[in-house]
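Given only the sequences and the hints, what does the whole structure look like? Please build it.
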Amino acid sequence: MDDTLPLYPGHGTDSATIQKMNDVSPEMKPASAPSSLLTQTTLLLGPENGVTTCPFCQALVRTEIKHTTTTRTHTLSLLYCLICCCCCIPFCCDSAKNTDHYCPSCKKYLGTYEK
1 MDDTLPLYPG HGTDSATIQK MNDVSPEMKP ASAPSSLLTQ TTLLLGPENG VTTCPFCQAL
61 VRTEIKHTTT TRTHTLSLLY CLICCCCCIP FCCDSAKNTD HYCPSCKKYL GTYEK
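Residue numbering for the sequence shown follows full-length UniProt numbering, starting at 1 and increasing by one per position.
Note that these hints are calculated values from the structure, not bench results.
A couple of the hints might just be wrong.
[Unchecked claim] Here are the simulated BS3-like cross-link-like pairs (lysine-lysine), alpha carbons at most 25 Å apart as the crow flies:
1) 115 / 97
2) 66 / 97
3) 66 / 115
4) 108 / 97
5) 66 / 107
6) 66 / 108
7) 107 / 97
[Unchecked claim] For each label pair, taking beta carbons as the anchor points, the in silico distance ranges come out as:
8) 87 / 59: 17 to 27 Å
9) 81 / 51: 20 to 30 Å
10) 107 / 46: 14 to 24 Å
11) 44 / 71: 32 to 42 Å
12) 108 / 70: 19 to 29 Å
13) 55 / 114: 16 to 26 Å
The beta-carbon is built from N, C-alpha and C at its ideal position, and this holds for glycine as well.
Take a look at the structure:
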């Protein structure tokens, strides 16, 4: 059996051949993956601002929070409108909103606490 295979069989490519993958020398093999792998830490974020290490600027910070409305906020508003005509209640209290956490140093988004 021949150790070389033509690139395009049937087109007369006598000089254009490839080697079998088993015959590749160790110098030509791809390098192995680096031994040190980067690990991603999970931030534990709650409904209030908390102390954490920013994964972007590596600073130990107390997170800034911003409450954002969600579909849950709008659904509760509709429910309050049907029950007691006070549809603004879910928009006034933070318990019906998600809490977005930001780094005060670099202003990057860190994560969301969903209620």
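Outcome of the hint check:
no.: 1; hint: 115 / 97; verdict: holds, 7 Å
no.: 2; hint: 66 / 97; verdict: holds, 10 Å
no.: 3; hint: 66 / 115; verdict: holds, 14 Å
no.: 4; hint: 108 / 97; verdict: holds, 20 Å
no.: 5; hint: 66 / 107; verdict: holds, 12 Å
no.: 6; hint: 66 / 108; verdict: holds, 13 Å
no.: 7; hint: 107 / 97; verdict: holds, 21 Å
no.: 8; hint: 87 / 59: 17 to 27 Å; verdict: violated, 41 Å
no.: 9; hint: 81 / 51: 20 to 30 Å; verdict: violated, 39 Å
no.: 10; hint: 107 / 46: 14 to 24 Å; verdict: holds, 20 Å
no.: 11; hint: 44 / 71: 32 to 42 Å; verdict: violated, 25 Å
no.: 12; hint: 108 / 70: 19 to 29 Å; verdict: holds, 21 Å
no.: 13; hint: 55 / 114: 16 to 26 Å; verdict: holds, 19 Å
Figure legend: structure checked against the earlier numbered hints; hints not met, in rising order: 8, 9 and 11.
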